[in-house]
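Given the coordinates of chain L, assemble chain Z onto it according to the supplied hints.
Protein sequence lines, in the order shown, are assigned to chains L and Z.
For the record, in the first sequence the residue sitting at position 83 is 365 according to this note's numbering, with numbers rising by one throughout.
For the record, in the second sequence the residue sitting at position 76 is 358 according to this note's numbering, with numbers rising by one throughout.
In short, the hints are calculated from the structure, not lab data.
Hints are not guaranteed to be accurate.
Copies of the same chain are indistinguishable here, so a pair counts whether it falls within one copy or spans any two.
Derived lysine-lysine pairs resembling DSS-like cross-links, with alpha carbons at most 30 Å apart [said to hold, decoys possible]:
1) Lys482 to Lys430
2) Lys326 to Lys393
3) Lys482 to Lys284
4) Lys285 to Lys482
5) Lys284 to Lys477
6) Lys428 to Lys302
7) Lys509 to Lys285
8) Lys447 to Lys468
9) Lys477 to Lys374
10) Lys447 to Lys393
11) Lys374 to Lys342
12) Lys447 to Lys285
13) Lys376 to Lys430
14) Lys285 to Lys354
15) Lys393 to Lys343
16) Lys302 to Lys482
17) Lys326 to Lys482
18) Lys428 to Lys285
19) Lys482 to Lys468
20) Lys430 to Lys477
Computed from a prediction, not measured in an experiment: that's the story for all the values here.
Protein chains: 2
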Amino acid sequence: MKKIEVCFTPSLIDLYNVEKKVVVVVDILRATSCMTTAMANGVKSIIPVATIEECFSLRKKGFLAAAERDGKMADGFDLGNSPFSYMDKSLKGKTIAVTTTNGTLAITKSKKAAQVIVGSFLNQSVVANYLINQPNDVIILCAGWKGKMNIEDTLFAGALVDAVKDEFTFEEDATLIAQSLYNVAKDDIAGFVAKSSHVKRLNKLNIHKDIEFCLQPDIYPVIPMLKDDVLVAMEFDYEYVIKNDNA
Amino acid sequence: MKKIEVCFTPSLIDLYNVEKKVVVVVDILRATSCMTTAMANGVKSIIPVATIEECFSLRKKGFLAAAERDGKMADGFDLGNSPFSYMDKSLKGKTIAVTTTNGTLAITKSKKAAQVIVGSFLNQSVVANYLINQPNDVIILCAGWKGKMNIEDTLFAGALVDAVKDEFTFEEDATLIAQSLYNVAKDDIAGFVAKSSHVKRLNKLNIHKDIEFCLQPDIYPVIPMLKDDVLVAMEFDYEYVIKNDNA
Chain L
283 MKKIEVCFTP SLIDLYNVEK KVVVVVDILR ATSCMTTAMA NGVKSIIPVA
333 TIEECFSLRK KGFLAAAERD GKMADGFDLG NSPFSYMDKS LKGKTIAVTT
383 TNGTLAITKS KKAAQVIVGS FLNQSVVANY LINQPNDVII LCAGWKGKMN
433 IEDTLFAGAL VDAVKDEFTF EEDATLIAQS LYNVAKDDIA GFVAKSSHVK
483 RLNKLNIHKD IEFCLQPDIY PVIPMLKDDV LVAMEFDYEY VIKNDNA
Chain Z
283 MKKIEVCFTP SLIDLYNVEK KVVVVVDILR ATSCMTTAMA NGVKSIIPVA
333 TIEECFSLRK KGFLAAAERD GKMADGFDLG NSPFSYMDKS LKGKTIAVTT
383 TNGTLAITKS KKAAQVIVGS FLNQSVVANY LINQPNDVII LCAGWKGKMN
433 IEDTLFAGAL VDAVKDEFTF EEDATLIAQS LYNVAKDDIA GFVAKSSHVK
483 RLNKLNIHKD IEFCLQPDIY PVIPMLKDDV LVAMEFDYEY VIKNDNA
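The shape of chain L in the complex, shown without the other chains (with noise of 0.2 Å):
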């Protein structure tokens, strides 16, 4: 049966060994939510760098480029970190270079792995099916904040444990206590990451609509994936698709 496992930041990646896994990159707030949002609103592709000024070098090369820190949008960008900025109808069939606080550095930390793909409670269940589909091992890689682990990212991989549970075997700490936290919050998804300090960071910036609307389940059947070191979406065949509509 294959694995999985729940490495709850970037800063314990180095314990895991990613190759010949599927790495489910997660940051909930919201750099992943954003990415499901830009590629299910028509965003051809998203180059995901570390830095501002590598943000800002593809920025001046013609890119639209946006770039958060500390929850803000960093200044001289044009987006930032809203998932509600990446539905505009101009942006169809672009490409963005991203750079966020945590999310971006828990995707190039990945790059070793077989595949890299995006996660949020937005495109939830077309990633749990992907994953039973698909023959390897499995890494939920949690952003977290500035090294640490976070709440909301936590559930979301024990929401995702949970859902392909009879389908991998998970042994590891970690992986359990992530699948324990989200069956006590499952019925209160948003009161449980209402005590969160990310997201009383976050209250303070005014964007209660944005958490709101990145712990939705299921409203993206869309699944970003790395593909020479950019995002796109992932194409699925006829009958994925079938399985994820019966869902």
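Just chain Z now, with coordinates in the frame of chain L:
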């Protein structure tokens, strides 16, 4: 108000500022449970060392020495990592050099703290009372397992946070997660810990009795504390002992 935080593994301790804080080192199975048991049974002091080599060289100098790696007693030492081996009357007044897979690393990583103390279920209330009655912020440092978090240390961290919650602020997600997990598990700590990967590993080594022993709350009113790089029993003033007896 004082602040309390939980760090789930020594791999993340560099993200915390331990200076001017009390660090409570936790390695429930079994290093800090053994240290608590040893002090309660009259061992005079414990020298925590990081490596088997250092431990062996102290043994050559005439100290009793205890070494554990991967849950087993290492060859050529006097004691292993079972709390029962620290109850022997012949150990009274002795100094023991100790190295363990995870626990001693947590101690050596905390040396910049204002104070380092040892916590376990066995001395839970006396530690909680001490934290309430001293003036500094607190970090609970879980030893985890080979760099990753584990269930039993997380549950104890949650129990300790819960016990002092009226006297401390705690806002970090890791701290909230530990407390939530403890509140789910508290009516059946043993059942919850039985799920952990470490316990599965240890069960293979036939140490059910050790595990059962280490999960007992409040059987020893002692606090091992680091003093000049050596663990000794904290001395309480009269008032404090009374408070603890009434707890």
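We went through each hint and held it up to the structure:
no.	hint	result
1	Lys482 to Lys430	both (16 Å within a copy, 27 Å between copies)
2	Lys326 to Lys393	within (20 Å within a copy, 51 Å between copies)
3	Lys482 to Lys284	between (37 Å within a copy, 19 Å between copies)
4	Lys285 to Lys482	between (34 Å within a copy, 17 Å between copies)
5	Lys284 to Lys477	between (34 Å within a copy, 19 Å between copies)
6	Lys428 to Lys302	both (27 Å within a copy, 22 Å between copies)
7	Lys509 to Lys285	within (23 Å within a copy, 44 Å between copies)
8	Lys447 to Lys468	both (16 Å within a copy, 25 Å between copies)
9	Lys477 to Lys374	neither (36 Å within a copy, 48 Å between copies)
10	Lys447 to Lys393	within (26 Å within a copy, 41 Å between copies)
11	Lys374 to Lys342	within (20 Å within a copy, 73 Å between copies)
12	Lys447 to Lys285	within (10 Å within a copy, 37 Å between copies)
13	Lys376 to Lys430	neither (33 Å within a copy, 40 Å between copies)
14	Lys285 to Lys354	between (37 Å within a copy, 27 Å between copies)
15	Lys393 to Lys343	within (24 Å within a copy, 49 Å between copies)
16	Lys302 to Lys482	between (38 Å within a copy, 26 Å between copies)
17	Lys326 to Lys482	neither (33 Å within a copy, 47 Å between copies)
18	Lys428 to Lys285	both (27 Å within a copy, 19 Å between copies)
19	Lys482 to Lys468	both (20 Å within a copy, 27 Å between copies)
20	Lys430 to Lys477	both (16 Å within a copy, 24 Å between copies)
In the structure shown, a violation is registered for the earlier hints numbered 9, 13, 17, in ascending order.
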